[in-house]
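Asker: In case you want the letters, here they are:
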Amino acid sequence: MDKSYTYTLIFMVLVSMILTSILAVSNAAFLPTINANAWKAEQEAILDAFGITVDNPEDFFEKNVKEKDFGVVKGFELTGDLEAYALPFEGAGLWGTIRGYLALDKDLDEILGITFTDQSETPGLGGRIEEPQFRDQFRQVVFKPLKYDSELQAITGATQTSNSVLRIINNFYDQVLPKLEVN
Amino acid sequence: MELKNHFMKQKMMTKVLISLIPIYVFSVWLYGLRVLALLAFVLAVGLSAEYWVMRLIQGPKAKVSEAAIVTSALFTLTLPPTIPFWIAGVGILVALVLAKGAFGGFGRNIFNPALVGRAFIYISFPVQMTAAWAETYSSLPGGLVRYGIQGLTNATPMIALETTGSLTAVKDLFLGTISGSIGEGSALLILLAGAYLVYTKTASLTIMLSVLLSGLGFSTLFYLVGWSTVPVAFSILSGGFLFATVFMATDPISAPRDKTSQIIFGIIIGFSAMFIRTFALFTEGIMFAVLIGNSFGPLVERTVREMRATSKAKKEAVNG
Amino acid sequence: MADLKVVARNQITKENQVLRQILGICSSLAVTNLMMNSLVMGLGVAFVTGLSSFTISLLNKLIPQRIRMLIQTFVIAFYVILVNLFLQAYMPDISKQLGPYVGLIITNCIIMGRAEAFAAQNPPLPALVDGFFSGIGYLLVLLVISFIREFLGFGTLFGIDLGLNFTRWTLMVMPPAAFFVIAILIWFTSARTIKAEQKERSS
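Residue numbers (the numbering used here), protein chains in the order written: chain H, 43 to 225; chain E, 51 to 370; chain Z, 132 to 334.
Note that these hints are calculated values from the structure, not bench results. Careful: at least some of the hints might be erroneous.
Claimed, not checked - Think about it this way: if two alpha-carbon atoms lie no more than 20 Å apart in a straight line, the pair counts; the simulated EDC-like pairs of lysine to aspartate or glutamate are:
id, chain 1, residue 1, chain 2, residue 2
1, H, Lys110, H, Glu152
2, E, Lys251, E, Glu116
3, H, Lys221, H, Glu193
4, H, Lys186, H, Asp123
5, H, Lys82, Z, Glu146
6, H, Lys186, H, Asp149
7, H, Lys116, H, Asp151
8, Z, Lys227, H, Glu84
9, Z, Lys192, H, Asp44
10, Z, Lys227, H, Glu173
11, H, Lys110, H, Asp191
12, Z, Lys227, H, Glu86
13, H, Lys189, H, Glu132
14, H, Lys221, H, Asp147
15, H, Lys108, H, Glu125
16, H, Lys110, H, Asp123
17, Z, Lys227, H, Glu132
18, H, Lys45, Z, Glu247
19, Z, Lys330, Z, Glu146
20, Z, Lys227, H, Asp147
21, Z, Lys145, Z, Glu331
22, Z, Lys145, Z, Glu328
23, Z, Lys227, H, Asp160
24, E, Lys251, E, Asp308
Unchecked claim - Have a look at the derived ranges for each label pair, beta carbon to beta carbon:
id, chain 1, residue 1, chain 2, residue 2, range
25, E, Phe135, Z, Phe310, 21 to 29 Å
26, Z, Leu288, H, Thr95, 37 to 45 Å
27, E, Leu67, Z, Ser321, 30 to 38 Å
Predicted, not measured: the structure shown is a model, and the values here were computed from it. A virtual CB, placed ideally from N, CA and C, is assigned to each residue, including glycine.
Construct the complete structure from the given sequences, taking the supplied hints into account.
Answerer: Written as structure tokens, this is what we have:
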């Protein structure tokens, strides 16, 4: 003999209310920290693309970097001693989409750096595009269609991911760069 | 322990081994005697593993099937000539213990064991499997009297096409004087072996034709539509396509048994191979294509069988 | 009242959820690429299973039979969301690596299994112990798998580079390798358990 329907209904409603309110409160309590973490990671990626390392990234970012709408994408502008732009990019890698920031100088003809915020390439091989060794090759490089040679080297054993990165950058050069609205 | 008592001779398997002899001789000429050393190592590891697994399954009366020798021989032919011995060992272990033994031994494997082993090491050790190819010896006696390889090269026909867009001459692809895995080079020898196998009723002509023709068909289709820029002759004669058609797709255990299913099986493989080659970044689509075919094999067989049964029942109902 | 020590030990050995009951496989495959991920995931599952079994057992007499599974799901989801929020806030890097699998703890059959099979018929304290240690049993299996995968795939353990120079097995860092490793693990442990049981029966 089970409990009556009325009891079941009241029980369900009570349990729902109690559990959901606890969760709502927890969510509200945790949310600021979670958002702060996500934003902090984004800031660090952008500053890394610019090639800037500071003790207090958040402070520096607050003071010198602001959002900017370039028409075809929304990115960031760095002011102060160094003036530059950070633009988001995305494209197909071997296993999934690769996303990140491309930092260009004010005149849009030099790459200052590149960071990857999102990639699902093979850890230990394609995943190594995140390593400074690979990314530093792009610092202070003239922005034009690139290919691998003695100056710019792909990752051994990760040919396809390496090629995908160049493909994304060159695609950016062809398709996005001409449409950027700087003012 | 009487060695003979523990060995199960299988006539069909012996025929396959015979058909492989010319290919092995040719590959020794191309790449040196290391090929034979590699084969010996793979056989030693593979047969011991097969015996150990069969002991677990069958107890003291365990027998190593001749099929294990064939698997080892075929597996070795799919490797690059520069492959380190230990990697080949890992591959054959996966092939015979995981892809065959764990499923119950001879006659029970769902997938082609050699290809499972190869797929495992292809993904586990991508550098050794894709980045170090060997130059071939030329002129007699060539590699027949040498051990090691001539030199390293980076360009197999498929890689050359991908990076520089250059096409190797059809004549070279056909005769096989090109770089690549140990056995896949000579289309001529593979086709001769295939003819021998069909003539001795060892391998299914239906499967071979089905894979070949659907490979041709889809390769042409993708080329005409513009999705692929690879000419059809090139794509058939390179990348181990013919080798897999003759030796891998035709594995009697992992392929379907009746003709209709075999035709469908071949179409699935031909399509998958060309599709993967065109759209995915793997140059060796055929390996995965056969494994995909293996996965669908039982389903195709069962569907064909059921459809036959229902149409037969219908006919009897009308006539009876 | 069941002996708590026996309950705990059984969950780790004889009735191990992953190796014997073959439950919780999905996450075992996904998070075992690194030992740190396995540790965090395992502790998360232990925490969720323990507390949800405990809560469900407390509510035993009050829950109407007809919505039993609904309530259990609700309670489990509650704890899973709390764990997820906590990880996102205080361990964001690991949270990103574990990805959707923390949220998917709710689908882990181990937790519902313990709720139905044990918490529903036992007092709160044994339920807590049973639940928590089923998670620990799961954690130990995950650590073994990730030990093999991280060592062969990266050459590191818990992120610490061992400095050994051998060719990394790239397949080990991908989920298919987990299939292989877990299958071989179950093969070995099952074979030994079956042999032990056969010996018991014949003696």
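Asker: Of the numbered hints stated earlier in the document, which are not met by this structure?
Answerer: 3, 4, 5, 11, 20, 26
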